[in-house]
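Q: Chain by chain, the residues run as shown.
2 protein chains.
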Amino acid sequence: MTTLQHLHSSELAAWLETHQAEAFDLWQKERLVTPLHVTFDTPLALENGDVLPSFEIRLELYGQINPQRDNVILVCHALTGDAHLAGKHHVDDKKSGWWDDLVGEGKAFNSQTHAILCTHVLGGCNGSTGPESTNPQTQDAYHTSFPPITIADMVNAQHAVMQALEISQWHAVVGGSMGGFQALEWGIRYPNAMKKLVIIASGACYSTQGIAFNAVGRHAIMHDPQWKQGLYQTHGTEPRQGLATARMLAHITYVSEDSLDQKFGRSLIEGQSTLPTQSSEAGTSFQPEFQVESYLDYQGQQFVNRFDANSYLYLSKALDAFDVVASWGKGDLKTAMARIKADCFFVAYDTDGLFPPKETHRLVDALIALNQSPSAVTLSTPWGHDAFLIDTTELNAIVPAFLYEATRELSKKHNTPLLNRDDLAPLLSLVEAHDSVLDLGCGKGDLLEILKAQGTHPRLLGVEQKEASVKDALNKGLPVLQGDMLHTLKQLPDASFDVAVLHLALQSLQDPYRVLQEMKRVATRSVIGFPNFGFLPIRLQLLLRGRMPNSSALPYMWYDTPNIHLFTLKDFTTLSEELGFQQARRVYRFGETWQARPRRAWGVNWRASYAIYELV
Amino acid sequence: MTTLQHLHSSELAAWLETHQAEAFDLWQKERLVTPLHVTFDTPLALENGDVLPSFEIRLELYGQINPQRDNVILVCHALTGDAHLAGKHHVDDKKSGWWDDLVGEGKAFNSQTHAILCTHVLGGCNGSTGPESTNPQTQDAYHTSFPPITIADMVNAQHAVMQALEISQWHAVVGGSMGGFQALEWGIRYPNAMKKLVIIASGACYSTQGIAFNAVGRHAIMHDPQWKQGLYQTHGTEPRQGLATARMLAHITYVSEDSLDQKFGRSLIEGQSTLPTQSSEAGTSFQPEFQVESYLDYQGQQFVNRFDANSYLYLSKALDAFDVVASWGKGDLKTAMARIKADCFFVAYDTDGLFPPKETHRLVDALIALNQSPSAVTLSTPWGHDAFLIDTTELNAIVPAFLYEATRELSKKHNTPLLNRDDLAPLLSLVEAHDSVLDLGCGKGDLLEILKAQGTHPRLLGVEQKEASVKDALNKGLPVLQGDMLHTLKQLPDASFDVAVLHLALQSLQDPYRVLQEMKRVATRSVIGFPNFGFLPIRLQLLLRGRMPNSSALPYMWYDTPNIHLFTLKDFTTLSEELGFQQARRVYRFGETWQARPRRAWGVNWRASYAIYELV
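As given, the protein sequences belong to chains B and Z, one line each in that order. At the far end of the first sequence sits residue 656, using this note's numbering, and the numbering has no gaps. At the far end of the second sequence sits residue 656, using this note's numbering, and the numbering has no gaps.
Don't read these hints as lab results, they were simulated from the structure. A couple of the hints might just be wrong.
One copy or any two copies: either way a pair holds, since identical chains are not told apart in the list.
With a Cα cut of at most 27 Å, we get these calculated DSSO-like pairs of lysine-lysine [stated by the list, open to error]:
1) 134 to 398
2) 374 to 135
3) 370 to 303
4) 235 to 268
5) 398 to 506
6) 398 to 268
7) 303 to 492
8) 398 to 511
9) 374 to 303
10) 69 to 374
11) 236 to 381
12) 610 to 268
13) 506 to 268
14) 235 to 303
15) 511 to 268
16) 492 to 235
17) 370 to 236
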């Protein structure tokens, strides 16, 4: 069992130096963690102009801070989370911390090599200073005289912790949902304070619908007669029903419609029927009959036992008010995002209704419009927004690749896979040593992996639609965006890259014309590899056999081929001219060998089975 | 100005005979409508076993009931609607009825030719008997001693109106949302009581998420201390705040996330700021700051002025309990839907979160699995569920085609467009006079229109993806399903049709193999027309010019063609054999002429530019 340690902020760094080895030992052996309660008697200036004369922060640390103090990962929690990220305080605790599955060796947050820090937010009700804390000036609880708190205020309080720990740069700042807001604010407000940012199931602001749901929750709390303008006494006379209503409502927005349906459907509570067979006693017929109703009731009642209504009001207002476009961008998201210096990784969930993938992608699009190379993935999940808390396997599978250099840096020993990529050689011959490269349809990142190993390319970025391939590429430590090729191209500024590569994909695109047009705008040179439908054996197969041709370059049957837009070298030339391209270098495949543009170019349209064109 | 007419149910038919001409005159001249209040002193047996000894129904009628009494359209209203469908009671009324735009000449509900009836639901609070009505046995308001009401009870009360009007069959029953539930219950419970059913933005039951939101709304009402177990006195001491919370919440689910965003975004209420610059007075910082908040507040306050909290509880419970699978299907939707005899038309909205299109399509799929020929369309709208109340232009554009035989029956005079369809002649030559025909990718319904005009085909059904084409086909009075071809095929039982036609579409399908496979299962014969990529000029274009061919049958450029799976006659033959088809009749296009299978079939693969195959 661990006991809460009360420390003054000035003692924090020294206390850890003395105790963190012992605490780590306990963590390793029994996954027990020691919560720390740190008092800052330095004033904290808030965004609204008020000043908190002093404040307290609850925090937990997993792993050991190294002597260089450069291995700390700050994890920011969501609306109803707290500092208790993982493990237990007592071996008999029923539940572990809220992201327990993510902390440990080989997990997203590797406590063997890194120190994972989680601090409870300002304005909350689980240890850090909030509306139910005692106002040192009056010795009464603040209640609603507590000043309005913003996401920036939470970050500034965390920044005070960072200073107390004598850390100049986090290894990373990570957060989901409201935690993602904090991570984003960190990246913009303190651009040099972290190497990496991981933003999960979050966005640039809360949606209008999100604000609307928050407003209804607040309406329920504030019209509970027990709220009493916020001056209720805790323990007994809180506005329990109003807070329960707010929570029940919010809970619906955290889970996907399908997951509710799969989990409960129309199942009734045992003994209940939707058609009472006799007149009900007054009111009883409105009691929960469906399991989903009693589940929500339970969620509401559980929540009021652990959360404070005023804190809920303050934090929900902080969510609504957060808006980096307004506070940092003067109305423009790019202006805000331009401040970020950290490497960024974004995770969205396809069924998230609170932060739909398109909200996360506004952040991604802003960064690539700024010639940054963020990574991003949209994970498939049945769970909706709560997936970031539930689908921890997925996060453990992809976050380490992004977070830890050891994994990201291509080991020189990894030569074996590279050796077997002869077929990439002709493509590589058109990429110069110092080119920045955009690989469209990068698959598992084979080409980018080689380019990265060359170590000379100032910027590499992959774009890939398939989730599994994106994960493989991420696991090679490559920056890769999951998404539609054309959409991504449209976000990129003119001449963002030296080279854009499109290998073996043009014939399978819905709109090859627009993609080539955008490549021309975005890259100085375009390198495009494709099978030649004009290859003589193909023509002859069609002519003589009267059948759609098959070949090694076109191996599919006509009815299940992804190659939906077939074309010949001549067709390609015509289109590239129409788009205003000049053809520069070309490499052809004749039989089993590759050959740079032959002196006599005549006949390539029937001689080449495959071609790679450099267009400028 | 009109005055509410109090009538006994036995007087209703006679009163209308005497007064409807005069009332219609007023309607035509000033769009004024006379509300009727009808007392039934016959007992009404409720689904739960209780009996209402007497009950009252508020209703409105637009147009005149004809002597045959077969021109009446019953419109069922949604949760918070009422009998006041259209027009005004007084010229100075600020607002017209809730579906005003839909009633009138040339509108969805043509009051010139038909009599449109709307009755207020049992359990409601706008005229018909409900929880705040006086219990005749106690002379007190029922409050929560009112028995639980179901959708079936509402329908049975409407059925009593039908009997009082001496109507044996409605022309149609129409409803959206909860009104759609009533229409569906009508179709299943009283299969002979209507010719047509129109079900809009509705489904077979409320979703789990819908129940969950309702549960939160009820929680808010029932935990408002003013609710007092439902025994509150109206006018002054109702549970206003609880009901407002419920309404605010429900309102969010009625509108799409995008429409909220477009309408309000993050706009602030004038004078408000999300970052107060000074310490707020206790509690004031939680007041609405965003426009969407004050909008919701307004919605909530408006609602409590016109709606009763107990009614809301009763009706929301009726929504939750409705489930035709349980009540009519013994667990199987098809069993329930098999009772329906009416012609059905379903309208879904793409952004509807409360009844997503897939919910409506469960009903459609059940009907086609039963070899019925419903029509269905999914309309694009920014508005979400409320589109059925807002996007009235769309409904006026498509509902009349379905509702009125005059439009649906192909006039013999409509010969002109038919004459210009020579290109359909070869296809028609493979369809026998008494074939039932499924037209896959029916476009605007050109083929089906001709077949319908022949008047000999027992069943015709079109499937089309494009919304605009579906509307055109509906306006020709054809039964047409908007949806994915493969999905629709999968719902159809074995051998549902004599002929399935796939004309000019196979080469543009994502998965031609599966579509052909399903056609074989679903139809006795398949008729498939397609351009032949083996046509000699095409082969020679590729061989000699080294370019992807263009021809009248393949007019697109390679990079923007919808023809993504090109194939030759031989390719097609191989695939059809692989699928176990036998080739029966064939028609080829040679040059400008069509020819049935030539005696010498040799050489067709290079001679024919286009072919139509009959497969069995």
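Q: Indicate, hint by hint, whether the structure satisfies it.
A: To see whether the hints hold, each was checked on the structure:
For a Cα distance limit of 27 Å, the shortest separation of residue 134 from residue 398 qualifies neither inside one copy, at 37 Å, nor across copies, at 41 Å. For the identical chains of this complex, residue 374 and residue 135 are neighbours neither inside a copy (42 Å) nor across copies (45 Å), given an alpha-carbon limit of 27 Å. For a Cα distance limit of 27 Å, the shortest separation of residue 370 from residue 303 across copies, 21 Å, qualifies, whereas the shortest one inside one copy, 44 Å, does not. Taking the shortest alpha-carbon separations for residue 235 and residue 268, neither the intra-copy value of 46 Å nor the inter-copy value of 58 Å comes in at or below 27 Å.
With identical chains, the CA atoms of residue 398 and residue 506 are at most 27 Å apart both within one copy (17 Å) and between copies (25 Å). Taking the shortest Cα distances, residue 398 and residue 268 never come within 27 Å of each other, neither inside one copy (40 Å) nor across copies (45 Å). Taking identical chains as interchangeable, the C-alpha atoms of residue 303 and residue 492 are never at most 27 Å apart, the minima being 45 Å within one chain and 47 Å between chains. For the identical chains of this complex, residue 398 and residue 511 are intra-copy neighbours only, at 19 Å inside a copy versus 31 Å across copies, given an alpha-carbon limit of 27 Å.
With identical chains, the CA atoms of residue 374 and residue 303 are at most 27 Å apart between copies only, with a shortest distance of 24 Å across copies and 41 Å within one. Taking the closest pair of Cα atoms, residue 69 and residue 374 never come within 27 Å of each other, the shortest separation being 47 Å inside a single copy and 58 Å across copies. Only within a single protomer do residue 236 and residue 381 lie at most 27 Å apart by alpha-carbon distance; the minimum there is 9 Å, versus 64 Å between protomers. Proximity of residue 610 to residue 268 under the C-alpha cut-off of 27 Å is found in neither arrangement, the shortest distances being 79 Å within a copy and 82 Å between copies.
Taking CA atoms no more than 27 Å apart as the test, residue 506 paired with residue 268 passes in neither setting, with 53 Å inside one copy and 56 Å between copies. Neither within a single protomer nor between protomers do residue 235 and residue 303 lie at most 27 Å apart by alpha-carbon distance, with minima of 40 Å and 39 Å respectively. Proximity of residue 511 and residue 268 under a CA criterion of 27 Å is satisfied in neither setting, with 51 Å inside one chain copy and 56 Å between copies. In this assembly of identical chains, the alpha carbons of residue 492 and residue 235 lie at most 27 Å apart only when taken from the same copy (19 Å versus 70 Å across copies).
Proximity of residue 370 to residue 236 under the C-alpha cut-off of 27 Å is restricted to the intra-copy arrangement: shortest distance 25 Å within a copy versus 57 Å between copies.
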